[in-house]
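*Asks:* First to last, the sequence lines map onto chains A and B. Following the working numbering, the numbering of the first sequence begins with 1 at its first residue and continues without gaps. Following the working numbering, the numbering of the second sequence begins with 1 at its first residue and continues without gaps.
Treat the hints with caution; some may be incorrect.
The list cannot tell twin chains apart, which means a pair is met if one copy fits it or any two copies do.
Straight-line distance between alpha carbons at most 27 Å, and here's what the computed DSSO-like set of lysine-lysine pairs gives [said to hold, decoys possible]:
hint	residue 1	residue 2
1	Lys109	Lys98
2	Lys188	Lys218
3	Lys317	Lys98
4	Lys317	Lys358
Just so you know, these hints were derived from the structure itself, not from any lab.
2 protein chains.
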Amino acid sequence: VGTELLLGQITDTNATFICRELAAIGVDVYFRTTLGDNLGRIVEAIRLAAARSDVVLLTGGLGPTPDDVTREAIAEATGRPLREDPASRRAIEEYFRKLEREPTAANFKQALIPEGGRAIPNGAGTAPGVFLEHEGTVIIALPGVPREMEQMMRRFVLPELRARRPEGLIIKSRVLRVIGLGESNVVKMAEEILARQTNPTIAPLAGRGEVLLRITAKCSSEQEADERIAETEAQLRQVLGEHIYGVDQATLEEDVVGRLIRAGKTIAVAESCTGGLIGNRITNVSGSSRCFPGGVVAYANEAKMALLGVDQDLLAKHGAVSAEVAAAMATGVRELFRADLGVSATGIAGPTGGTAEKPVGLVFIGLATAESVVTERHHFLRDRLDNKFRTSQAALALVRSYLLGLSG
Amino acid sequence: VGTELLLGQITDTNATFICRELAAIGVDVYFRTTLGDNLGRIVEAIRLAAARSDVVLLTGGLGPTPDDVTREAIAEATGRPLREDPASRRAIEEYFRKLEREPTAANFKQALIPEGGRAIPNGAGTAPGVFLEHEGTVIIALPGVPREMEQMMRRFVLPELRARRPEGLIIKSRVLRVIGLGESNVVKMAEEILARQTNPTIAPLAGRGEVLLRITAKCSSEQEADERIAETEAQLRQVLGEHIYGVDQATLEEDVVGRLIRAGKTIAVAESCTGGLIGNRITNVSGSSRCFPGGVVAYANEAKMALLGVDQDLLAKHGAVSAEVAAAMATGVRELFRADLGVSATGIAGPTGGTAEKPVGLVFIGLATAESVVTERHHFLRDRLDNKFRTSQAALALVRSYLLGLSG
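Bound conformation, chain A alone (with noise of 0.2 Å):
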């Protein structure tokens, strides 16, 4: 409850932490709904949600001014009237104390809790809750601060409800992150298993220059759901192999940093429509100079010549954006920095730039290693920077299968 994130001022954060912490104890949450700070439209929502739910969580609009209704709005849908709690009150009168301010009478409305209900104690503020069974429906009502909102879940909402949950039933998530394929490839490769399951399921979802598949288990206890999901997990592990780079948070230069370090090599980036952006994501991960001694932003022509030793004829015969000069930029910066591999990206990352021949979007990465050098052509089509991005994907990628090479 809150006009500000209907009015898109903010981002409803505190709907993210309560529908991971109630999936985490097994609560299937099937609908939420954000509403502005009036009487009726609340009044209604909660009606709606009581008839189709047996809990009803509300979070926002108990603060101390006029624009807070939320708690005479569950007194209106439940026809239950306002009652000071007394607990409550001296709990404000005691903040207040150590604040060495006066409360107002504002402040005091915070106490009021609708017949048959309970006030749930917050640690953080002024806002009790709100925690009432009204005709099979547990409605809740926390305030909307998030660090208020987090502490009255952890220590009153999480723990009651658990305790009333019927089997003990349980949801847990895995993500498995691919790379290499497109997400109808991903989807054809493990058609049989996506189509023969319904516990875990599996959701695949299109990510930036990857595809991320979440794996979903609905147990009555964690061991069973991380048994099915290792199960699962393995099957398309079965079919999709070396694609699947990492799980959960995982991220695609962690992978490649990880295995270039167990291998003992190091490398250099020569980077020009990327601009740096493949030695930044080197670098965001701990631990990376142990492989990454640095690299050359090549992004004027100039550059490729003095710094990488890129033939000036041969920027003239095949133009920057080609695989001839992606190769040449691999193999002068991985001499230069004395490197075991040498990776570079050139391409016309756009919006202006193309031509007929070579358009915006077109890309050529380039990898050189002792024994050899190799080049890829890509066509993104997308906007500037989701160009540089899935460049500086397909960059990595690369990296990583010379890496699988060596250790397959």
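Place chain B on chain A using the hints.
*Replies:* Positioned in the frame of chain A, the structure of chain B alone reads:
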């Protein structure tokens, strides 16, 4: 629409964007509902929303996988069968042709539009949106991918809705972006203006290495709102002066690149702890090739010496994280690229690598010009990625200060 939202796996930033944009054109948002990828519940929610609203806007669930059922839900809720839209089919074919990949049958599911509706072109992906007028309510569906959704909102949905808006109260807002001052300093400097302000309101917000001031006016016409905002902005500019570097979605790198180009100056970057982030930010700006020949990522000390000419004794005496080395890196990179300016950053991003004398978050930045070299010392107390970002922010701010001095 998206099960991942109800599981709390992602935060709903699309809702924030959509609500903010709708508020800006005077559309009152009264209800926001989040649903999983469940056909029955989406159908139910569309019917309820259509009964109480002039416009129902959905985002998410238009992808090619069997999970994605938003278009089916619209068809069912309105009783209109899905028909293939030939233009959307051609756009999908064209998209895959450019990508040099084969579309699957699932991809063509995205060309289905409920009878009587129009496809909203998707300039950034394969899923067209849906625009349908049904029994007096406009029903709109957009993809959940933020970039695609945002582009389709700006190009299609907002103009359509603006054209249909009756007369009424509108809300407009404008964000001023402030660099080089902390939030409490900004509040102090603008104290009088903040105190007497009611319409527009002014809300100060802490950004990442910057402060945002959001001016929001509620008026009966767009012109009146624009005038009031302009008046308040002028007052704030009077006290904050050149600390305001841009408005709304402007970035510091855009401002700096624009100033470099107007001043006819070029800049080269020497990055240690930022690992390429400064170059990456500069090259996020289209046209940056006019002022940015390139840079060196000198992560290892050997690279600082070999490429940037940093003296070995200097490194031994002061350490890599020092004002002296920052100055030498800036000077070195300026000469290497024959640029007008050289900017550098060296520091300890963390979480490891700190000592009592040189703690995590200690950073030195340098700026070399034809006339002088200046350095700045910063101590950031964030995590690795945020320390890197704030270092790049400080470096760009230092360049900006110098360029302001030139023009001032």
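*Asks:* Are the hints correct? Go through all of them and say.
*Replies:* Do the hints match the structure? See the list:
no.	hint	in the structure
1	Lys109 x Lys98	within (19 Å within a copy, 63 Å between copies)
2	Lys188 x Lys218	within (25 Å within a copy, 52 Å between copies)
3	Lys317 x Lys98	between (56 Å within a copy, 25 Å between copies)
4	Lys317 x Lys358	within (14 Å within a copy, 50 Å between copies)
Against the hints set out earlier in the document, no violation occurs for any number.
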